[in-house]
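**Student:** Chain residues, written in single-letter form:
Number of protein chains: 2
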Amino acid sequence: MSWWASDETHDPARTSWVESANGHGVFPVQNLPLGVFSPPTGDARIGAAIGEAILDLRACAAAGLFEPALAAACIEPSLNRLFGLPSVQRKSLRQRISHLLSDPVYRDQLTSHIFTASDCELHLPVRIGDYTDFYVGIHHANNVGRQFRPDNPLLPNYKYVPIGYHGRASSIRPSDVAVRRPSGQRKPAGSDTPVFGPTERLDYELELGIWVSSGNELGEPIAITDAAEHFAGLCLLNDWSARDLQAWEYQPLGPFLAKNFHSTISPWVVTAEALAPFRIAQPARPEDDPRPLPYLHDAADQAHGAFALTLEVHLLTAKMREAGLAPYRLSTGPASSMYWTVHQMLTHHSSNGCNLTPGDLLGTGTISAPTRGGFGSLLEISGGGQTAVKLPSGEVRAFVEDGDEIILTASASAPGAVAIGLGSCRAQVTPAR
Amino acid sequence: MSWWASDETHDPARTSWVESANGHGVFPVQNLPLGVFSPPTGDARIGAAIGEAILDLRACAAAGLFEPALAAACIEPSLNRLFGLPSVQRKSLRQRISHLLSDPVYRDQLTSHIFTASDCELHLPVRIGDYTDFYVGIHHANNVGRQFRPDNPLLPNYKYVPIGYHGRASSIRPSDVAVRRPSGQRKPAGSDTPVFGPTERLDYELELGIWVSSGNELGEPIAITDAAEHFAGLCLLNDWSARDLQAWEYQPLGPFLAKNFHSTISPWVVTAEALAPFRIAQPARPEDDPRPLPYLHDAADQAHGAFALTLEVHLLTAKMREAGLAPYRLSTGPASSMYWTVHQMLTHHSSNGCNLTPGDLLGTGTISAPTRGGFGSLLEISGGGQTAVKLPSGEVRAFVEDGDEIILTASASAPGAVAIGLGSCRAQVTPAR
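Protein sequences appear in the order of chains A and B.
Using our numbering, count along the first sequence one by one with no gaps and you end on 1098.
Using our numbering, count along the second sequence one by one with no gaps and you end on 1098.
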């Protein structure tokens, strides 16, 4: 029996009196992701998704249903304070919510604290302090590296250093906020000088977002064996990218305006606890390929550092929407194509003493499967714009056009566990200003 | 007569009843920088530096000495709200403080709101949202580029794109917070594999920090002709760097752990208004070298986009401190060796719609003069570690050692104006953990 099976919050037999949760596939009572929402006539507050509904955790706190430390965190307008609590307290909140939503005795008391999700507005779940994007999708690194350096796609540091760089926190938005096509400098082929104007190579990047729970003091690294304490949960992340701006600006200090105009995240934090049944060994990193340096090595992490998540990207163009066509699937693949684990990213990031804070966001970098059907960006799918994708509407796409909506989803499944999902990360592109 | 000479806050004849301010050279009544401090027995609050003293602006606000919008901003524990006000209101605060500190009629009323600066603790002046570091020191770019690419030091984008990248906001500290030597991966010469341990090439970088005042909405760029409205003021910034970590990690996405372990800033914000007399034409960028793209071009900015600031770096080793020796000057040079102006940096950063927010910090990147006496980092002064500096203590330095203190200062002077300074940015290095 898996260790998580003894945790009643994962009991496959557990159902909820919120009937839409049972057999929901994304937000059953075994998931219970956390977020911040506004009901139709109210301000922003913390909630938990349950089927097609949201439980108002601020109202639960006010009703005396949580112990004091949890109640104090749940009345805040963001998850930062809750993330700053020790994991044992965050686990007890999960157990409590699971109990409240599964035991019918609470049904009458909680009915007024349950809202229909489609009536609510979802916000960023935290005030994001710093945002860091990694580059752990090894197939993506190979695919992109091959376009820039055909004979040497993977740089010598890749298998030693979890490569990462800082991104922009202020321009991260939740699902359903429109993305304005950015303008910037690009150098047309054959020209010696750049021009300024709307990007002609707008792309998405399929990533997982990693939420940091408790932080570390400046100068005090996180040991790999302690990293679990600092991992709050996952979301989906679309790292929108302007490839023509990127190609011209990125040397020598890395991507800047090509990336920081907008990033979209799915609004629900699927917690580390909810993901426990879906932890698997790291298939993308063979042992001794090379062996990680000691500060990044932990046998337990190697044994279940990856996630049994299936990722999908869909595209819905304006024409498809008008014609009533369903979104077209651009790719599907496993999230396990990550060369470095969440714990290795957290540990590496703090290994020089850099202080992480509750509510920081780390991106994995684009996650691509080894073959085209699972590539995580149009840059890869279209081979740098060479081979456009044919859509059911008769349209073709080498890059993202105005009016297009990109939809990322992820579902987790494991033997003996009830399947869950991360929800969706979606946004539509509007024309340049 | 210069336009600023009609502004009474710059009147060279104006003196303060705080006598240490008169002839102070750094914080005379013509400067009035803003910061956040704690007096010996009190909590953090906003203040203005005046000579060797600090005026408590929260107390002034509580005493009804400011108009309501300014009073509401001055009772906050950081400058963010004040920075978010229109510049006309920030200017009126400057005029009011100048009046209060120069007219002796206020002496008795304000004496209890004046603290001796050396008794106070200085904090970060703002809650920093996002931190971006630029690379506008063209001689630094040349010097460093030459070490990596002898035949091609300046990349083709340099004279079109104000190159920048995102840095870490959480690890920025004010002066006098010790810097712990970071550990990390480096690849020893001749080795195929990296090792992990304390950096052997710790360096400083001499930069100016640019504080963002009012922000812009996501998707709405700042026009170059509106950029002044978004510039709150300057500080000094030491972008501590671990060169061996940097060399190994920085490709392909830029510096990360080599930089984000600690950055030190001077605690006083010297405002755009205080700097008005010291604006000069941009000597580092000849016109049409090439001409900037239209979105970065503004004749007025070209005419006075630079600052008549002289920068200095001093080193005080533990041995020198014990021997009672004065700090040794490592370099001195003009801040005008910047290829791009503050307004061009603000405009470029937002040109893709990226939203800046009040209290964001932009670094200029290392500012080096054309010759060795004005180089802004030990990497440049020592020629990549080849030529150590000889110190009066008999010691030598190719990079920064434990116990060393690095002190950055800047002074502004202009014909007809009272000289001011930015204060000092200083921190001592402690051994690795």
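Wrong hints could be hidden among the right ones.
A pair counts as met if it fits within one copy or between any two copies, since identical chains are not told apart.
Below, computed lysine to any residue pairings styled on SDA-like, alpha-carbon distance capped at 20 angstroms [said to hold, decoys possible]: (1) Lys756 with Gly729; (2) Lys756 with Arg746; (3) Lys852 with Asn817; (4) Lys852 with Thr776; (5) Lys824 with Gly855; (6) Lys756 with Thr890; (7) Lys824 with Val770; (8) Lys852 with Glu882; (9) Lys852 with Pro821; (10) Lys852 with Gln1051; (11) Lys984 with Ser1058; (12) Lys756 with Val770; (13) Lys984 with Pro705; (14) Lys1055 with Cys785; (15) Lys824 with Thr776; (16) Lys824 with Phe861.
It should be emphasised that the hints constitute simulated quantities derived from the structure, not laboratory data.
**Student:** So, for every hint listed, does it hold in this structure?
**Tutor:** Hint check results:
Taking identical chains as interchangeable, the C-alpha atoms of Lys756 and Gly729 lie at most 20 angstroms apart only when both belong to the same chain, with a minimum of 18 angstroms there against 49 angstroms between chains. For a Cα distance limit of 20 angstroms, the shortest separation of Lys756 from Arg746 inside one copy, 15 angstroms, qualifies, whereas the shortest one across copies, 37 angstroms, does not. Taking CA atoms no more than 20 angstroms apart as the test, Lys852 paired with Asn817 passes between copies only; the shortest distance there is 19 angstroms, against 24 angstroms inside one copy. In the homo-oligomer, the alpha carbons of Lys852 and Thr776 never lie at most 20 angstroms apart, since the shortest distance is 58 angstroms inside one protomer and 61 angstroms across protomers.
For the homomeric pair Lys824 and Gly855, the shortest alpha-carbon distance between copies (18 angstroms) is at most 20 angstroms, but the shortest distance inside one copy (35 angstroms) is not. Within a single copy, Lys756 and Thr890 get their C-alpha atoms as close as 19 angstroms, which meets the 20 angstroms cut-off; across copies the closest is 53 angstroms, which misses it. Taking identical chains as interchangeable, the C-alpha atoms of Lys824 and Val770 are never at most 20 angstroms apart, the minima being 53 angstroms within one chain and 69 angstroms between chains. In the homo-oligomer, the alpha carbons of Lys852 and Glu882 never lie at most 20 angstroms apart, since the shortest distance is 43 angstroms inside one protomer and 27 angstroms across protomers.
Proximity of Lys852 and Pro821 under a CA criterion of 20 angstroms is satisfied inter-copy only: 11 angstroms between copies versus 29 angstroms inside one chain copy. Taking the closest pair of Cα atoms, Lys852 and Gln1051 come within 20 angstroms of each other only inside a single copy of the chain (18 angstroms); across copies the shortest separation is 38 angstroms, beyond that limit. For the identical chains of this complex, Lys984 and Ser1058 are intra-copy neighbours only, at 7 angstroms inside a copy versus 75 angstroms across copies, given an alpha-carbon limit of 20 angstroms. Neither within a single protomer nor between protomers do Lys756 and Val770 lie at most 20 angstroms apart by alpha-carbon distance, with minima of 22 angstroms and 62 angstroms respectively.
When the C-alpha separation of Lys984 and Pro705 is checked against a cutoff of 20 angstroms, the pair qualifies neither within a copy, at 31 angstroms, nor between copies, at 67 angstroms. For the homomeric pair Lys1055 and Cys785, neither the shortest alpha-carbon distance inside one copy (35 angstroms) nor that between copies (67 angstroms) is at most 20 angstroms. Taking identical chains as interchangeable, the C-alpha atoms of Lys824 and Thr776 are never at most 20 angstroms apart, the minima being 52 angstroms within one chain and 63 angstroms between chains. Taking CA atoms no more than 20 angstroms apart as the test, Lys824 paired with Phe861 passes between copies only; the shortest distance there is 14 angstroms, against 37 angstroms inside one copy.
When the structure is compared with the earlier hints, violations turn up for hints 4, 7, 8, 12, 13, 14, 15 and for no others.
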